[in-house]
Amino acid sequence: MSKALSDPGFNPYAALSNPKGYIEAGTDKNRDGEHMMGTSIMAVEFDGGVVMGADSRTSAGQYVANRASDKISSVHERIYCCRSGSAADTQAISDMVRYYLALHGVELGKRPLVKSAATMFRQICYNNKDNLMAGIICAGWDEKEGGQVYSIPLGGTLVRQPFAIGGSGSVFIYGLCDATYKKNMTKDECVEFVSKALAHAMSRDGSSGGIIRLCIIDKDGVERRFIDHKDLPFTQTTNLA
Amino acid sequence: MSSTGAGYDYSCSQYSPDGRIFQVEYAIKAVESSGTAIGLKCRDGIVLGVEKPQISKMLMNNSNRRIFGINNTTGGLITGYPADGRQLINRAREEAQSYEDTYGHSIIPSILANRLALYTHYFTLHYSLRPFGTALLFVGYDEDMKQSELYMVEPNGMVRRYFGCAAGKGSQAANTELEKIYVKHGGIEGLTCKEAVKYIAQIMYTVRDSSNDKPFELEMAWALNENNHKFQHVPKELIDEADEYGKNNIIPDNNNNNNISEGVEETKMEE
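Residue numbers (this note's numbering), protein chains in the order written: chain A, 1 to 241; chain B, 1001 to 1271.
These aren't lab readings, by the way, just hints derived from the structure by calculation. Among these hints, one or two may not hold up.
Calculated cross-link-like contacts (lysine to aspartate or glutamate; reagent style EDC-like; alpha-carbon spacing at most 16 Å) [stated by the list, open to error]:
(1) A:K144 - B:D1144
(2) A:K110 - A:E143
(3) B:K1180 - B:E1195
(4) A:K144 - B:E1195
(5) A:K144 - B:E1143
Reference listing, derived: stretches of chain A covered by chain B, where coverage requires no fewer than 3 residues with Cβ under 8 Å from a Cβ of chain B [as the list claims (entries may be wrong)]:
(6) 101-108
(7) 112-125
Simulated restraints, written as ranges between beta carbons of each label pair [said to hold, decoys possible]:
(8) B:Q1014 - A:K144: 46 to 52 Å
(9) A:L176 - B:E1143: 37 to 43 Å
(10) B:P1082 - A:K219: 45 to 51 Å
Ideal placement from N, C-alpha and C gives every residue a C-beta, glycine not left out.
Isolated chain A, as found in the complex (with noise of 0.2 Å):
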């Protein structure tokens, strides 16, 4: 907070001083700059469905632009995607494959399978990957699969995994949950896996924050939960004293 007001470029009264009254557009980087989602994400298979978890912070360089913001969005009924990278970029090629999963559905006559919006995804994502920066995990589940996870990188590779970690943060967690992860873990034992994951991962990355946002989702519904400040598994003082 100190390093903001001795940095030269931030200025809290230059709008007062400026002839016009307000500074020019594009000129002050923290206010305009590109909204990124430095963000820890993930998202875990379990016998029936998924659990897939976010941070919620979105930084614009330096600041925190939004420090509860939800980037898990959902594309479809029982179909979400945590998105991470550019917030302009994943949200309108989240807007773009809600509208057409929504047509693919009706013309369906049912639920369309995860498989289909992680292919849309990735069509998008490389089709135009020289104009975008955008790490998606889209997951859901199906009747035909059951619980999926695929993870879109940037470049436009779709793979599915059992389990799917993407953003700034995740790097710091990847020992963590391969160690940690195990085949056939029940429900409540994912969201344990999830919550502790991105504990570590926003306690050690300063673009990733705030609260802990999850889903949950089977084929009974979409469960929306979040783990607040005072209730994260870890953070660096943990352990402490």
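Given chain A, work out where chain B should sit, using these hints.
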């Protein structure tokens, strides 16, 4: 109601005073004057068969295909103008492929049927285009419903699902014979594909006008449940057997002796 177009049949963009679009009706007539085509759903798969009159002795047998694959488990039979039909098959192949690219699973037959109907119908809406002079009978496998399905797309853009259908010259008589077969076998469950191949040959020989028509060649294809619903041509030996059977077992004309008893409802073959 005038049955000649006289003045109202110049293009698809014209209605007649009694609400008919003559160009589309003429397209249907083009289909009705081509070789008989039959599709038959059985308990273990679906069979398609078509009669190809031998236009010239110089033509090689088994060339001039009328049955084409669309994807692994889907295939179609074209009637009417073969060139028009090939365009429709091409479109079906593209639709199937682009659906799979976009949505990640193979196209469902009912959706392919819808797409082809929309495409065919488009050509009945424009002044500068003519309708397709072909009816397409196609077979597909629905992975979710776990069953094979038979559809027919007509030049006017109608598509219906059938368990037995016929198109072309002898379609009226063929449809009657198909209904009799279903009644005799108690529906789809009583019929196997191998039997169906023989019946189709038999119907082809029965409905043709032996004095007028040239000798013909049979082309048949099927999608068998036991073969993972793969769409392929029927082996030549079976077609030759069926040909022999059909030639020697032409169904006599039974107008005075109706096989269908009073109590049985006439089976409709539309699903």
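Against the structure, the hints:
no., hint, verdict
1, A:K144 - B:D1144, "holds (8 Å)"
2, A:K110 - A:E143, "holds (10 Å)"
3, B:K1180 - B:E1195, "holds (14 Å)"
4, A:K144 - B:E1195, "violated (35 Å)"
5, A:K144 - B:E1143, "holds (10 Å)"
6, 101-108, "holds (count 3)"
7, 112-125, "holds (count 8)"
8, B:Q1014 - A:K144: 46 to 52 Å, "holds (48 Å)"
9, A:L176 - B:E1143: 37 to 43 Å, "holds (39 Å)"
10, B:P1082 - A:K219: 45 to 51 Å, "holds (49 Å)"
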